[in-house]
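Protein chains: 2
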Amino acid sequence: MFSQETKIGVLGGGQLGRMLVQSAINFNLDLKVLDPDPNAPCKSISQFEVGNLKDEATVHQFGKTCDVLTIEIEAVNIAALKRLEQEGVKVFPQPHIIEIIQDKRIQKQFYKQYNIPTADFILTETKADVIKNVHFLPAVHKLGKDGYDGRGVQIIRTESDLDKAFDAPGILEKLIPFEKELAVIVARNEKGEVNAFPVVEMAFHPVHNLVEYLFAPATLSEEISQKAKKIALEVIEKLELVGILAVEMFLTKDGEILVNEVAPRPHNSGHQTIEANHTSQYEQHLRAILNLPLGDTAEKIPSAMVNLLGEDGFSGPAVYEGMDEVLKVSGVHVHLYGKKITKPFRKMGHVTICDSNLEKLREKAIFVKNTLKVKS
Amino acid sequence: MFSQETKIGVLGGGQLGRMLVQSAINFNLDLKVLDPDPNAPCKSISQFEVGNLKDEATVHQFGKTCDVLTIEIEAVNIAALKRLEQEGVKVFPQPHIIEIIQDKRIQKQFYKQYNIPTADFILTETKADVIKNVHFLPAVHKLGKDGYDGRGVQIIRTESDLDKAFDAPGILEKLIPFEKELAVIVARNEKGEVNAFPVVEMAFHPVHNLVEYLFAPATLSEEISQKAKKIALEVIEKLELVGILAVEMFLTKDGEILVNEVAPRPHNSGHQTIEANHTSQYEQHLRAILNLPLGDTAEKIPSAMVNLLGEDGFSGPAVYEGMDEVLKVSGVHVHLYGKKITKPFRKMGHVTICDSNLEKLREKAIFVKNTLKVKS
Chain A
731 MFSQETKIGV
741 LGGGQLGRML
751 VQSAINFNLD
761 LKVLDPDPNA
771 PCKSISQFEV
781 GNLKDEATVH
791 QFGKTCDVLT
801 IEIEAVNIAA
811 LKRLEQEGVK
821 VFPQPHIIEI
831 IQDKRIQKQF
841 YKQYNIPTAD
851 FILTETKADV
861 IKNVHFLPAV
871 HKLGKDGYDG
881 RGVQIIRTES
891 DLDKAFDAPG
901 ILEKLIPFEK
911 ELAVIVARNE
921 KGEVNAFPVV
931 EMAFHPVHNL
941 VEYLFAPATL
951 SEEISQKAKK
961 IALEVIEKLE
971 LVGILAVEMF
981 LTKDGEILVN
991 EVAPRPHNSG
1001 HQTIEANHTS
1011 QYEQHLRAIL
1021 NLPLGDTAEK
1031 IPSAMVNLLG
1041 EDGFSGPAVY
1051 EGMDEVLKVS
1061 GVHVHLYGKK
1071 ITKPFRKMGH
1081 VTICDSNLEK
1091 LREKAIFVKN
1101 TLKVKS
Chain B
731 MFSQETKIGV
741 LGGGQLGRML
751 VQSAINFNLD
761 LKVLDPDPNA
771 PCKSISQFEV
781 GNLKDEATVH
791 QFGKTCDVLT
801 IEIEAVNIAA
811 LKRLEQEGVK
821 VFPQPHIIEI
831 IQDKRIQKQF
841 YKQYNIPTAD
851 FILTETKADV
861 IKNVHFLPAV
871 HKLGKDGYDG
881 RGVQIIRTES
891 DLDKAFDAPG
901 ILEKLIPFEK
911 ELAVIVARNE
921 KGEVNAFPVV
931 EMAFHPVHNL
941 VEYLFAPATL
951 SEEISQKAKK
961 IALEVIEKLE
971 LVGILAVEMF
981 LTKDGEILVN
991 EVAPRPHNSG
1001 HQTIEANHTS
1011 QYEQHLRAIL
1021 NLPLGDTAEK
1031 IPSAMVNLLG
1041 EDGFSGPAVY
1051 EGMDEVLKVS
1061 GVHVHLYGKK
1071 ITKPFRKMGH
1081 VTICDSNLEK
1091 LREKAIFVKN
1101 TLKVKS
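Respectively, the protein sequence lines represent chains A and B. Count the first sequence with our numbering and you get residues 731 to 1106, in order. Count the second sequence with our numbering and you get residues 731 to 1106, in order.
Note that these hints are calculated values from the structure, not bench results. Small disclaimer: the values here were computed from a predicted structure and weren't measured. Don't take every hint at face value.
A pair holds if it fits inside one copy or across any two, identical chains being indistinguishable in the list.
Said to hold, decoys possible - In silico lysine to any residue, SDA-like type, Cα no more than 20 Å apart, as pairs:
(1) 1070 with 769
(2) 737 with 1054
(3) 1077 with 1096
(4) 1103 with 934
(5) 1105 with 733
(6) 921 with 818
(7) 737 with 1026
(8) 762 with 773
(9) 842 with 982
(10) 910 with 769
(11) 1030 with 947
(12) 960 with 1029
(13) 1030 with 1090
(14) 1030 with 928
(15) 904 with 881
(16) 1105 with 942
(17) 1058 with 1023
(18) 762 with 787
(19) 1077 with 733
(20) 1073 with 1043
(21) 737 with 1100
(22) 1030 with 1086
(23) 1103 with 1052
(24) 1030 with 1092
(25) 1077 with 734
(26) 1103 with 735
(27) 1070 with 733
(28) 784 with 819
Assemble the whole structure, with the sequences as input and the hints as a guide.
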């Protein structure tokens, strides 16, 4: 049963935590947040503590006063979470699932084991291992652990790229000549109730591997769309995860859907749900971990999302150029992440654009992308 | 030009301030809030200071470190605000306008002076004055100052009600046999740009004079709707107010629109804009006081709003009954105000319901009203 007295802890105080806190205000829930950065985005809007998320004692200490503990980043100490779980704290997503997802090698084996469609892959231990598998190219080489926001991923098309390989445990994955990159956010509460948000499509920055534009809903046939949702729901049900799960997928040129990777938390591909859907991904995550009924995921209006990255060549206190111009555009929602300092390609915020006219939506998204700049 | 470094102060830390703070998070603006109650709703989500809003020194001290100072309640010290204004702080709404609105006697005279349609009235100084004007009944008797949330208002239908009259300066206003109560929120920035939200209609609790249901948009002819907006815009332009202004109006049985009263701040009649409109009243207020372009006020979807009042007969730590049931309903958005203690008829939160089917919208609103209860 809902109680505003439930003590909820969040590991990680970045923008995802920030938007989770912002959503929790509606339920009178004062979230407690742990982050190593004393200036993390959650700092001034939550009960904020500074500490290392990978340190067992710190995480255990932080979590033991919570009724429910959740994450906004996967790189956290699992041993502490398992201890807390044994001590009766509800840890959602469950620690053993975070452990699976933390390591892309284990994650990929999980898909294989449960017949979830995914690109073929080879486990590699060292750089030499990657070089040995030259026959497998073109491929994507990913570090098993600690990849983040495009880091820890290298595209190795030909022999001449082999030098980029990581000399650490990873996977070598067949490069998929995909038609589109899709994402579906699914949710599951403790009762086992599940549901899926509409499928969205993303356009990535060609070099920095960050989402540049997102469109919701994706332009897909009903069949493909249902297939994508079905696969995403299969993943969360096989994992028996409590919380939300963002499932990133490739739609191949021959209409196949392959799971790329998943994130057991609010995700960049769900920001637009704040304005465009009946329930936001943040509220859905809270509903799931508090065992409340899941909210309706339907769209109120089509939307696009543009990440606001620090402009290349600028480092220092952030200044937003073009703000007035974009605020003049109808249906524009600016979200800044509380970061005072900008760096090249740092995620400083995002903008959601809502418009029932898809043509105008696209034009507005491009206008926002080209107009709003983070400089210093 | 927009800067995330702009220091904004808010006088009042109640639910309106809380939702303003929640909205300001999107712009990286850390709001500083002053409220006499150490447990005010804004307490844990802002830079919060405890102090008397009617004390000149306290308000002056609080305001002098701000670039922009605003209010979420009208009962504030005007002398301090006028000093701050002279010292270069941007005080929006402007102090002389708050002063007009604070006193219903001056407010009414303002309407008269500018030919803004409003119910006929008589200024009264004492209870004896009211009794003397028995020929004016049936009437509504209002205290000039310090009325709030239904307090300070008495309906005096016949001679036998005369004993309820306040023995203090007030107004005696002709009781309007109205068809509907309407409200329009309008905004104006420093550049003088203005716009209006769609007209909403309200149903009040018959005894406690608090909004029970709100429907947006109101069911009105286009002609009446345009007339209501035009009058509301006239009020904000005549006042030359910077910020938002909620204009409450009566639609009389013969299609006339009369201004009842105004509030120069976010208002109970605009909560639903958070989910249902392109721009929320809170963001609109921020845009107006920061001299940013005003946002599009259009609706994304029709909505209803239900105030969540403390159940009669319960005082103490709040417990929410029926939360699971209402959260199961599609399009329901619960907003709790961060109040730990409930009292009979205390405003503890509100629920917005969005549905494009107007029939279902009404049913859902009634279901929410009858299901979600604040007890202790």
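Comparing the hints with the structure gives:
1. 1070 with 769: So residue 1070 and residue 769 pass the 20 Å test inside one copy only (8 Å; across, 29 Å).
2. 737 with 1054: For residue 737 and residue 1054, the Cα distance is within 20 Å only across copies (18 Å; inside one copy 40 Å).
3. 1077 with 1096: Within one copy, since 18 Å is at most 20 Å while 43 Å is not.
4. 1103 with 934: Result: close within a single copy only, 18 Å intra versus 47 Å inter.
5. 1105 with 733: Answer is between: at 12 Å across copies they meet the 20 Å cutoff, but 43 Å inside does not.
6. 921 with 818: The answer is within: 18 Å in one copy meets 20 Å, while 57 Å across copies does not.
7. 737 with 1026: neither (25 Å within a copy, 38 Å between copies)
8. 762 with 773: both (10 Å within a copy, 15 Å between copies)
9. 842 with 982: within (18 Å within a copy, 70 Å between copies)
10. 910 with 769: neither (36 Å within a copy, 50 Å between copies)
11. 1030 with 947: The answer is both: 11 Å in one copy and 16 Å across copies each meet 20 Å.
12. 960 with 1029: Classified as within; 18 Å inside a copy, 33 Å across copies.
13. 1030 with 1090: Cα proximity of residue 1030 and residue 1090: in one copy and across copies (17 Å, 16 Å).
14. 1030 with 928: both (11 Å within a copy, 18 Å between copies)
15. 904 with 881: Intra 18 Å, inter 71 Å, cutoff 20 Å: intra-copy only.
16. 1105 with 942: Cα proximity of residue 1105 and residue 942: one copy only (18 Å, versus 48 Å across).
17. 1058 with 1023: Only across copies: residue 1058 and residue 1023 sit 6 Å apart there, 37 Å inside one copy, limit 20 Å.
18. 762 with 787: within (17 Å within a copy, 35 Å between copies)
19. 1077 with 733: between (34 Å within a copy, 18 Å between copies)
20. 1073 with 1043: Within one copy, since 8 Å is at most 20 Å while 57 Å is not.
21. 737 with 1100: Answer is neither: 42 Å inside a copy and 28 Å across each miss the 20 Å cutoff.
22. 1030 with 1086: both (9 Å within a copy, 9 Å between copies)
23. 1103 with 1052: For residue 1103 and residue 1052, the Cα distance is within 20 Å only inside one copy (7 Å; across copies 46 Å).
24. 1030 with 1092: both (17 Å within a copy, 18 Å between copies)
25. 1077 with 734: between (32 Å within a copy, 16 Å between copies)
26. 1103 with 735: Result: close only across copies, 17 Å inter versus 41 Å intra.
27. 1070 with 733: between (35 Å within a copy, 11 Å between copies)
28. 784 with 819: Answer is within: at 18 Å inside a copy they meet the 20 Å cutoff, but 46 Å across does not.
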